[in-house]
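Peer 1: The numbering used here puts the sequence shown at residues 24 to 602.
Simulated crosslink set (DSS-like; lysine-lysine; CA at most 27 Å straight-line): (1) LYS191 - LYS358; (2) LYS502 - LYS524; (3) LYS502 - LYS586; (4) LYS123 - LYS502; (5) LYS358 - LYS123; (6) LYS358 - LYS289; (7) LYS289 - LYS191.
Rather than coming from a laboratory, the hints here were simulated on the basis of the structure.
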Amino acid sequence: MSTTSLIIHLHHLPFHSTMNNMLLKSPSLTLHHHSTIPIQRPFYPSTILPFPSKLTKPFDASNMSLPMKCSNSSMNSTNMQPLKSIEFEPDPSLTNEDLKPTSPTQRTFSGLEISSLWVGLVVGVPSYYLAGSLVDLGMSWWQGISTVVLANIILLFPLILTGHAGTKYGISFPVLARSSFGIHGAHIPTLLRAFVGCGWYGIESWIGGEAIFILLPNSFKKITFLSNNLPWLGTSPLEFLCFMVFWVAQLAIVWRGVDGIRQLEKFSAPILIFLTSCLLIWSYVKAGGFNHLFSLSSRLTNSEFFAVFFPSLTANISFWATVALNIPDFTRYAKSQKDQVIGQIGLPIFMGLFTFVGLVVTSSTKVIFGEVISSPIQLLGRIGGFSTSVLAILGISLATITTNIAANVVAPANALMNLNPSWFTFRRGAFLTAILGIAFQPWRLLKSSESFVYTWLVGYSALMGPIGGIVLVDYYVVKKMELRISDLYTRSAFGEYYYSKGFNVDAIVALVVGILPVVPGFLQKVGVVSSIHDGFLVIYNNAWFISFFIGGFLYWILVSLRKKLGESDAIGTLLPDAK
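Model the full structure from these sequences, guided by the hints.
Peer 2: Okay, structure coming up:
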């Protein structure tokens, strides 16, 4: 590795021997006894300046106040202070082409394109189910839609706030997480996010497989050994085969990378809006208006309503809480902060409108067919002739692919690249994401509204909540929105985000404490324990809120205490400033 030598006359410094020993042990600085310290060439991301080839004049350290404090004791990586005047060269184990900050030429997402991204994300079968599942649980039509809209208005704040860092610095979520959790500690939140993304990838792929299943001739569906459920599998071989066909089909788009995803979302948005409008008009004409919808009144008492409302609100926040974490993966391509804000404001509007369509169409099926058909895939299979069914199923498939690839592939792929940049590329990360999606057995998660809402959505919100709280508190309160980009790509013990051997203990402790109160409620929901205290049920039903505020607040307390007690400056507590 090429270096630029900085000449420091150590005999001018009163702590010559201590400095000598420290530098000899440092992984970033190498001391040649007479006076020369080779320091890694400065790292400037492509969005700022190119790499300088050499210093234009000799560097005289006698005129420089060193940005560190030293003691007579030996130093290690846990008590070193960052060298704030030094830019570090990127470590190959922490970066590749996909993890580098985006250049100005790569920042092409306008507000309209980010809005199109959200249209592609929102228009899908799970979103269609949301308000309907709340009506199944006893809410009225307007209570169900209001719950969905309120949840997305709340979520809009962390979406915009977290997206700010992506647009300002051009960095993805795994790189941003290094600033709060540490260079190595960032693997914890990114892999947790990847874990949930893999589960969602499986769910969306199963929904797409159902669309293929409906198109199959009835003769295939009547074959006994293909259509009978296998107890060990939890579904029929034919349905599983359709799932795998759709699973493979998505990989062709994933293989094109982020730019391919952007183009897909951009051109799919108007098609999805058109198809959704057609479905709404069809239900209005066939059912003779919206009276069937307005007749859906609440079946809950006041006390029963709030028992359903709060976990439902949490579940709906959890629906996009995953994207609220890794939104920098997309906003890093935004042209400006204005574009990323304008593009994301559409989320609660799109969610409100699409869930309204889902409720209207579902309630109209009682009038049209004499029975409630909550699944849009089953409904589309019964509308019109073969050509109409094919068009409808293609629309479902397009909606599923646009949601699945953008929401559930990018984050896990980036997390895996962050884990091992030298081996994982975006394609390899996406492929492993798809493999893990099968292991989640999504057909079991979708078997009922209760398992989908209360087990899956609420359960993983306990993981997403504290991560979001910690990242936001660190970026806005602790770091004041100022990050040192070169330090995010170095393993040097002098790097600002090296913390304790690459891990920020404060963030990890806050994450664990934020998750723990929700665990008893989750264990009760999945049947591991039969009964728990009512207080734990309340905590579980509000998992995202409680874990978000516990994680963020505790992190702020720990950082504040560490600064107040001087523990983050262990060297400085031993001796006064060296002059």
